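The chain contents come next:
There are 2 protein chains.
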Amino acid sequence: MEPTGTAPPGPGPNGATAPSNPEEAAELARALRRHLPESAVITTEEELRPWECDGLSAYRQLPMLVVIPETEEQVRAVLAACHARAMPVVARGAGTSLSGGALPLERGVVLSLARFNRILEIDADNRCARVQPGVRNLAVSEAAAPHGLFYAPDPSSQIACTIGGNVAENAGGVHCLKYGLTVHNVTGLRVLTMEGEELELGGKGPDGPGLDLLALMHGSEGMLGLVMEATVRLTPKPERVQVMLAAFDDVEAAGAAVAAVIAAGIIPAGLEMMDNPAIRAAEDFVHAGYPTDAAAILLCELDGTNREVSEEVARVRAILREAGATEVRTADTPEQAATFWSGRKAAFPATGRLAPDYYCIDGTIPRKHLGEVLLRIGEICRDQGLSAANVFHAGDGNLHPLVLYDANREGDLERAEAAGRAILELCVARGGTVTGEHGVGVEKLDAMCSQFGAAELERFYAVKAAFDPAGLLNPGKAVPTLTRCAEHGGLHVHEGELPFPDIPRF
Amino acid sequence: MEPTGTAPPGPGPNGATAPSNPEEAAELARALRRHLPESAVITTEEELRPWECDGLSAYRQLPMLVVIPETEEQVRAVLAACHARAMPVVARGAGTSLSGGALPLERGVVLSLARFNRILEIDADNRCARVQPGVRNLAVSEAAAPHGLFYAPDPSSQIACTIGGNVAENAGGVHCLKYGLTVHNVTGLRVLTMEGEELELGGKGPDGPGLDLLALMHGSEGMLGLVMEATVRLTPKPERVQVMLAAFDDVEAAGAAVAAVIAAGIIPAGLEMMDNPAIRAAEDFVHAGYPTDAAAILLCELDGTNREVSEEVARVRAILREAGATEVRTADTPEQAATFWSGRKAAFPATGRLAPDYYCIDGTIPRKHLGEVLLRIGEICRDQGLSAANVFHAGDGNLHPLVLYDANREGDLERAEAAGRAILELCVARGGTVTGEHGVGVEKLDAMCSQFGAAELERFYAVKAAFDPAGLLNPGKAVPTLTRCAEHGGLHVHEGELPFPDIPRF
Numbered sequence: 001m002e003p004t005g006t007a008p009p010g011p012g013p014n015g016a017t018a019p020s021n022p023e024e025a026a027e028l029a030r031a032l033r034r035h036l037p038e039s040a041v042i043t044t045e046e047e048l049r050p051w052e053c054d055g056l057s058a059y060r061q062l063p064m065l066v067v068i069p070e071t072e073e074q075v076r077a078v079l080a081a082c083h084a085r086a087m088p089v090v091a092r093g094a095g096t097s098l099s100g101g102a103l104p105l106e107r108g109v110v111l112s113l114a115r116f117n118r119i120l121e122i123d124a125d126n127r128c129a130r131v132q133p134g135v136r137n138l139a140v141s142e143a144a145a146p147h148g149l150f151y152a153p154d155p156s157s158q159i160a161c162t163i164g165g166n167v168a169e170n171a172g173g174v175h176c177l178k179y180g181l182t183v184h185n186v187t188g189l190r191v192l193t194m195e196g197e198e199l200e201l202g203g204k205g206p207d208g209p210g211l212d213l214l215a216l217m218h219g220s221e222g223m224l225g226l227v228m229e230a231t232v233r234l235t236p237k238p239e240r241v242q243v244m245l246a247a248f249d250d251v252e253a254a255g256a257a258v259a260a261v262i263a264a265g266i267i268p269a270g271l272e273m274m275d276n277p278a279i280r281a282a283e284d285f286v287h288a289g290y291p292t293d294a295a296a297i298l299l300c301e302l303d304g305t306n307r308e309v310s311e312e313v314a315r316v317r318a319i320l321r322e323a324g325a326t327e328v329r330t331a332d333t334p335e336q337a338a339t340f341w342s343g344r345k346a347a348f349p350a351t352g353r354l355a356p357d358y359y360c361i362d363g364t365i366p367r368k369h370l371g372e373v374l375l376r377i378g379e380i381c382r383d384q385g386l387s388a389a390n391v392f393h394a395g396d397g398n399l400h401p402l403v404l405y406d407a408n409r410e411g412d413l414e415r416a417e418a419a420g421r422a423i424l425e426l427c428v429a430r431g432g433t434v435t436g437e438h439g440v441g442v443e444k445l446d447a448m449c450s451q452f453g454a455a456e457l458e459r460f461y462a463v464k465a466a467f468d469p470a471g472l473l474n475p476g477k478a479v480p481t482l483t484r485c486a487e488h489g490g491l492h493v494h495e496g497e498l499p500f501p502d503i504p505r506f
Numbered sequence: 001m002e003p004t005g006t007a008p009p010g011p012g013p014n015g016a017t018a019p020s021n022p023e024e025a026a027e028l029a030r031a032l033r034r035h036l037p038e039s040a041v042i043t044t045e046e047e048l049r050p051w052e053c054d055g056l057s058a059y060r061q062l063p064m065l066v067v068i069p070e071t072e073e074q075v076r077a078v079l080a081a082c083h084a085r086a087m088p089v090v091a092r093g094a095g096t097s098l099s100g101g102a103l104p105l106e107r108g109v110v111l112s113l114a115r116f117n118r119i120l121e122i123d124a125d126n127r128c129a130r131v132q133p134g135v136r137n138l139a140v141s142e143a144a145a146p147h148g149l150f151y152a153p154d155p156s157s158q159i160a161c162t163i164g165g166n167v168a169e170n171a172g173g174v175h176c177l178k179y180g181l182t183v184h185n186v187t188g189l190r191v192l193t194m195e196g197e198e199l200e201l202g203g204k205g206p207d208g209p210g211l212d213l214l215a216l217m218h219g220s221e222g223m224l225g226l227v228m229e230a231t232v233r234l235t236p237k238p239e240r241v242q243v244m245l246a247a248f249d250d251v252e253a254a255g256a257a258v259a260a261v262i263a264a265g266i267i268p269a270g271l272e273m274m275d276n277p278a279i280r281a282a283e284d285f286v287h288a289g290y291p292t293d294a295a296a297i298l299l300c301e302l303d304g305t306n307r308e309v310s311e312e313v314a315r316v317r318a319i320l321r322e323a324g325a326t327e328v329r330t331a332d333t334p335e336q337a338a339t340f341w342s343g344r345k346a347a348f349p350a351t352g353r354l355a356p357d358y359y360c361i362d363g364t365i366p367r368k369h370l371g372e373v374l375l376r377i378g379e380i381c382r383d384q385g386l387s388a389a390n391v392f393h394a395g396d397g398n399l400h401p402l403v404l405y406d407a408n409r410e411g412d413l414e415r416a417e418a419a420g421r422a423i424l425e426l427c428v429a430r431g432g433t434v435t436g437e438h439g440v441g442v443e444k445l446d447a448m449c450s451q452f453g454a455a456e457l458e459r460f461y462a463v464k465a466a467f468d469p470a471g472l473l474n475p476g477k478a479v480p481t482l483t484r485c486a487e488h489g490g491l492h493v494h495e496g497e498l499p500f501p502d503i504p505r506f
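Chains as they are written, first to last, in the UniProt record's numbering: chain A, 1 to 506; chain B, 1 to 506.
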């Protein structure tokens with residue numbers, strides 16, 4: 001581990017922080033090459049370098065080796081070889097995780113599922129598709145398009161990110177307000193456990209009997225099993241899509257407008273908010289015609305039939321006006337709608353021009369606290385001598401403050417991380433959670449200590465052990481150890497004794 | 001155990017089939033009365049009799065005793081006393097389960113949560129309510145009504161059934177097609193484990209970090225923990241509701257019409273189907289004005305704004321005509337809509353007049369197989385010398401064949417159960433599942449052997465053990481033992497050895 005951040009993964013089980021050993025690496029590579037082609041087993045530092053981080057590049061770690069199998073038999077061989085050697089395995093899709101979910105381990109194998117990129121079936125009658133885990137999110141919608149269907153969850157990385165990774169992180173996106181998260185759009189999974197067992201969870205129908213292991217796989221960050229096949233729900237493309245842009249003089253009014261739209265029983269396909277720093281950055285970058293003097297803008301996408309959308313546009317316009325919008329625009333053409341969205345979509349790279357670095361936070365809060373929490377986020381950042389831009393999924397209360405800093409300035413990263421922790425603690429205090437859609441990964445292990453107590457953490461460990469008793473799948477991610485939480489101060493430790501000492505840790 | 005059916009729960013762990021012992025019962029009653037009032041601990045056969053079954057009355061078993069605590073402290077005391085004595089505990093809400101989920105055990109305590117019937121909070125701003133587990137399903141909607149909100153999942157027992165039971169069985173209902181099952185409408189649970197640990201899972205916000213234990217609780221049939229509080233999502237009441245009735249000359253055409261409505265991207269609030277025997281029974285019973293010569297009718301409820309509903313009614317009418325409907329009626333008044341629904345709502349009791357007894361099956365299939373599966377159901381019943389009526393949630397492919405029989409006729413119950421098993425096996429063979437919304441309980445343990453193999457069952461056992469290592473919460477329900485599946489013929493047994501003999505059974 002050589003994290004450049006200040007919150008490295010805590011001491012993990014089964015050597016999540018164990019040192020690598022060149023002889024062991026060489027022996028394992030030889031063993032794997034009995035099952036995989038030479039080129040599918042990567043061992044040299046130069047070739048390993050691109051795998052050292054995922055989308056959360058503040059954390060970097062060269063893996064012991066990387067394997068890129070292309071058949072399920074090869075995957076099984078890798079798992080068996082690693083299991084026999086008690087070698088941790090980190091599964092990886094496109095590596096776009098923003099929380100370090102696919103961060104390698106020094107003594108650990110990265111198992112890439114990139115070559116499992118086939119769409120196995122588009123079943124238009126049952127409105128579903130069967131896909132391999134390495135299929136890109138957007139590729140599903142592209143394949144479904146001739147049938148007038150699409151795959152609804154749309155993380156901003158959807159050009160690159162894969163369905164397997166979407167399941168692992170329970171990915172969201174702009175359209176999840178109306179169409180649900182990944183867990184609401186996957187009806188079946190075929191999973192391999194670390195011990196090579198195959199689990200068939202769900203299918204093409206709704207619901208499933210017995211314990212809901214299908215839902216449990218979502219957001220499990222590759223710690224329970226490897227997704228080998230997913231059956232995903234396809235949604236009919238709406239007849240019409242209309243985008244509105246509303247400007248507000250103050251952030252609290254914009255927050256109240258969001259609550260008012262939802263309270264009116266309207267569920268927009270997307271309802272996004274940007275604050276002034278984000279608006280100006282985006283406008284400088286893509287010239288979307290945003291009102292740069294507004295304290296906040298809302299982008300509201302409505303979809304449905306022609307008549308339905310016309311009616312909702314009128315209702316939303318009235319609600320936004322009532323809530324104090326200084327200006328409400330409606331895109332008249334698809335081109336104009338695309339322009340409205342262009343600034344939102346470019347907001348992250350655009351914000352990158354405001355400061356050398358930014359730290360993207362991901363928390364949720366009940367909608368009614370939006371205005372107050374945005375003001376507090378500004379204060380928290382100012383207390384650290386930093387500033388923030390806000391671009392987020394307002395409709396479902398999923399915040400994405402971008403804390404601006406300069407990694408080359410002494411102490412700035414630490415200050416940004418301190419601000420991030422304070423923001424997530426604020427989310428929890430307001431009844432929200434520490435992640436909306438980016439997952440926990442390594443980034444939010446401390447935040448998990450704010451969210452959960454020992455009783456919940458112990459159940460996490462026990463469920464993990466139910467799938468992976470040896471603790472070899474992506475150890476050290478998603479669930480902090482009790483020791484770590486005790487150090488973080490989030491757990492009550494009685495006279496130095498951790499609660500429930502008899503349950504195996506991982 | 002003295003089940004009157006032919007498929008009694010298999011040999012359960014921890015004495016799921018252990019005999020009762022009067023001395024043990026008396027000692028436990030004394031211990032419990034130290035914490036609960038005399039009247040809250042029921043011990044006499046006469047008073048125990050009403051608790052001997054739930055909604056699946058073919059299975060009956062007197063419990064050792066029943067406790068009706070009214071404070072959480074009392075619940076904890078009951079759990080502690082039972083845990084200390086390795087005494088199984090069966091939690092019970094209103095006892096409306098149709099799968100025997102709350103069937104008592106001879107050596108076991110029934111823990112009624114009926115007195116936890118308070119609505120703790122209606123939070124209209126965040127569109128949610130916090131309720132105790134014994135709150136009736138319909139009471140939530142009644143309390144939310146002044147805010148223009150309702151609780152969407154609506155099992156047909158909604159006047160009586162409770163939220164705790166709804167979570168335990170992941171209950172559905174007519175409106176679940178549009179609004180989702182219980183799991184999609186609960187955002188937080190506070191749970192007590194058998195060991196008295198308290199788990200806080202989720203809250204008022206969407207999603208939650210870490211493993212999705214919140215979803216896991218849904219459908220877990222009281223085997224993982226006791227729900228002590230639920231935060232449920234409230235949905236805005238639609239401005240307008242319109243109900244349509246379409247008649248068809250043959251069942252397959254009606255099935256195809258269902259698929260066509262859904263394929264058009266319309267998601268009705270409800271889309272129900274009844275076949276001729278069900279139509280005639282309902283019509284005799286409530287005089288809803290149903291076309292008694294139709295092979296099948298569809299009832300389609302559309303909701304939304306005025307304009308949206310008008311538009312959808314027109315579209316659905318065209319689709320139904322196109323699909324071969326011989327008649328399409330639209331209710332002009334709320335009274336007429338209520339009349340349309342009256343037959344559907346009375347269909348179960350009405351069917352009770354066709355034969356002395358009926359056995360209600362609950363399976364799901366991908367929608368496109370509706371027509372074929374309905375024909376096969378008729379054949380399966382005829383093969384047993386029986387007939388069936390069908391009344392079901394067509395929109396989500398959730399079938400409810402009612403197999404008609406006469407319990408007083410030698411062998412009839414066995415034939416009905418054989419037909420039920422064959423129907424569920426057909427559902428699985430068509431890519432569906434063995435339960436849509438009624439749960440597994442004791443009824444569908446054998447069907448689970450058709451649905452799952454040893455690998456999935458072992459994970460169920462391990463997850464169960466992660467929450468309830470002593471296996472005391474509702475043992476013998478929901479998940480069959482490997483031995484039972486081996487006997488049922490659903491599992492491959494190699495040379496008499498069950499797979500994975502090293503994992504603890506329960």
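Rather than coming from a laboratory, the hints here were simulated on the basis of the structure.
Treat the hints with care, since some could be wrong.
Same chains, same names: a pair is fine if it fits in one copy or spans any two.
As the list claims (entries may be wrong) - The calculated DMTMM-like cross-link candidates involving lysine to aspartate or glutamate, where the alpha carbons are at most 25 Å apart (straight line), are: (1) Lys-237 with Glu-311; (2) Lys-237 with Glu-195; (3) Lys-345 with Glu-23; (4) Lys-237 with Asp-303.
Fair warning: this is a prediction, and the values are worked out from it, not measured in the lab.
To see whether the hints hold, each was checked on the structure:
no.: 1; hint: Lys-237 with Glu-311; in the structure: both (19 Å within a copy, 17 Å between copies)
no.: 2; hint: Lys-237 with Glu-195; in the structure: neither (41 Å within a copy, 49 Å between copies)
no.: 3; hint: Lys-345 with Glu-23; in the structure: neither (47 Å within a copy, 71 Å between copies)
no.: 4; hint: Lys-237 with Asp-303; in the structure: both (9 Å within a copy, 20 Å between copies)
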